[in-house]
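Each protein sequence line maps, in turn, to chains A and B.
Under the numbering used here, the residues of the first sequence are numbered 1 to 372, in order.
Under the numbering used here, the residues of the second sequence are numbered 1001 to 1193, in order.
These are computed hints drawn from the structure, not numbers from a lab.
Do not take every clue at face value.
Unchecked claim - Derived list of chain B stretches under chain A, where covered just means 3 residues or more per stretch with a C-beta under 8 Å from a C-beta of chain A:
no., region
1, 1038-1048
2, 1084-1092
Claimed, not checked - Heads up, simulated DSSO-like pairs for lysine-lysine below, C-alpha to C-alpha not over 27 Å straight-line:
no., chain 1, residue 1, chain 2, residue 2
3, B, Lys1176, A, Lys314
4, A, Lys297, B, Lys1176
5, A, Lys314, B, Lys1188
6, A, Lys112, A, Lys176
7, A, Lys314, B, Lys1100
8, B, Lys1100, A, Lys329
9, B, Lys1169, B, Lys1188
10, B, Lys1100, A, Lys322
11, B, Lys1100, A, Lys164
12, B, Lys1169, A, Lys157
13, A, Lys293, B, Lys1029
14, B, Lys1029, A, Lys297
Model, not experiment: these values are computed from the prediction.
The beta carbon of each residue, even a glycine, is placed where N, CA and C say it ideally should be.
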Amino acid sequence: MRQFSKGVVVVTGTAGKSTTTKMAVAIVRAHGIKTFTNPSTANIEQGFFSTMVKSGTITGKLPGEIAILEMDEAHAAAFVKRVRPRISALLNVFEDQLDRFIDPALVTEKLKQVAQATTKVVISNADDPNLNNIGGVVVEQVYFGLAHGLPELPYAKTYTNSVKRPEVAFEARSLKGRDLKVHTPFGSSEFQLPSRGVHFAQDATAALAIASEVLGDEFNLELATKVLDEIPPVFSRGEIRQINGQPVEFILIQNPISFQLNLDNLPEQTGPIMLAIGRDVHDPSWLWTVDLKRLEKVAVVTGFNYADAALLLKYHDIETTKIAEDYFKAIDEFMAISWDGPGIKTVLYSADAMRRLRRYLGFVDPEEVDRV
Amino acid sequence: MSRSLKFATLFPEELNLNGDQANLIILAKRLSWQQVSVDIHPINNSRILDANLVFVGHGSVAAWNAIETKEPELFSILAELVNGGANVFAVASGAVRLAKALGIEVNEAEHRSEFVSYEQVIGYLNSSSSFEPVVRVKNSILTLLHGPVLAKNPVFADQICIEAGWITKAPEGDLKKEIDELARASRKIALEH
């Protein structure tokens, strides 16, 4: 990894790693910098190193002047012990994967280790009380955030007296639908997000901060704005595909926060919904932390954890048309539903359910996602 | 509804880290099938009102620090309630704290993060505390299991209601059958993980 002349950037935190990384990489590449990155499906060490093997030359050389890598929180902490990043971006700490992490404070500790190993700049979320006073960081810190008045994100609570919000260099100032305005040290940037939701506004703001630190004096805000205005969504983050001649939206729900935010950001009217909770949800308890008021009716509930998902819906009096143990049969039945609107058919699925569905329907290229 | 009950839940915003508060929704739903209504009262201090059930959920380290700073006497009051014969249901870190207040020996053991089956109760154990996954003290139940334990364990849920005298027999009906069949499937899947 030391061969990258412009160093290594690590993007980590509970949520938004894939979108932020994809946006930052697109901006940096648009400036003519050859950039190595890992696909979002390879953000743990094992997947990451297999990506390196696939991408490297026979002599082990990886392509690119810089590596911008998204990394799972625990694996990022292990990675930086071997490779110190020049820049790190700490996105957020939400209550997630508690079967693995036990307590949000332990996640914060992992991110602190990443920050302390960073050699040039730590880019942090000014609004997250877990991160805006992390301590022990000796290099420059640059903050991004959402302006007062924008919806607040439900970070893991610290229950401590809030510290003064650090000075924010990159701030999302307004969000109307998907139209976002970001204030930066280089001026104002206005563009349309690829997907709905304030969490995507946070990702885009963080991406601008990362790209500007990577590029330094070469950073061109106009070019960065154009890239963000045109970038397609990361697959399954509001991706829309035509199936059986009908549009279907695919939304990945990886944890309580992404389930909650994606439910809250569903359009006023949706078509039939399929909820698929796969084997990756080791402990489905977290499903019960989500406020389901936006979910009035579910057409199909399925996936390896179909029974837990169905119990959740039944105990909350949410009308459920079909409970299906056989996932592929459930996919076929859902895709066969004829729907003329209002709204479009929507799939909410966990990572394992996503992978299985994509393979089953032949969506093999994760980059093949159109912007709508 | 022919009868109404009052459930008190302590610091529900803080003590819901794994969806623990859902246990009250599950009890209330199952009781409603037998015409028993439930009012759930959030309690954010140690002045616990006279309730048919007091529930203590599971919180983060930060949440417990905040609660125990604000209400240092909370668990001695709860221990008195338990010893006085009240119905207290505590899960995970709430159960560990209550066990200590009741004088139950709680040692540190190797951390476990997995589904476990204990005396017909199946649930997720994510703890390094040593006592048994389900402990009964007078009319109270302490479980190391976290989250919506009762969703997977409808027999246990009904047993709590019967032993408390809120109902005389397990509920019946099509919805109950459907939900209990899903719980059976969920238990099977949990042990396959």
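Here's how the hints hold up against the structure:
1. 1038-1048: Violated, because only 0 residues of the region 1038-1048 of chain B bring their Cβ atoms closer than 8 Å to Cβ atoms of chain A.
2. 1084-1092: violated (count 0)
3. B:Lys1176 with A:Lys314: With Cα atoms ~10 Å apart, Lys1176 (chain B) and Lys314 (chain A) stay inside 27 Å; holds.
4. A:Lys297 with B:Lys1176: holds (20 Å)
5. A:Lys314 with B:Lys1188: holds (19 Å)
6. A:Lys112 with A:Lys176: violated (34 Å)
7. A:Lys314 with B:Lys1100: violated (36 Å)
8. B:Lys1100 with A:Lys329: violated (50 Å)
9. B:Lys1169 with B:Lys1188: holds (25 Å)
10. B:Lys1100 with A:Lys322: violated (46 Å)
11. B:Lys1100 with A:Lys164: violated (37 Å)
12. B:Lys1169 with A:Lys157: Violated. Lys1169 (chain B) to Lys157 (chain A) sits at ~41 Å, over the 27 Å cutoff.
13. A:Lys293 with B:Lys1029: Holds, at roughly 17 Å.
14. B:Lys1029 with A:Lys297: holds (19 Å)
Checked against the numbered hints listed earlier, the structure breaks hints 1, 2, 6, 7, 8, 10, 11 and 12; every other hint is satisfied.
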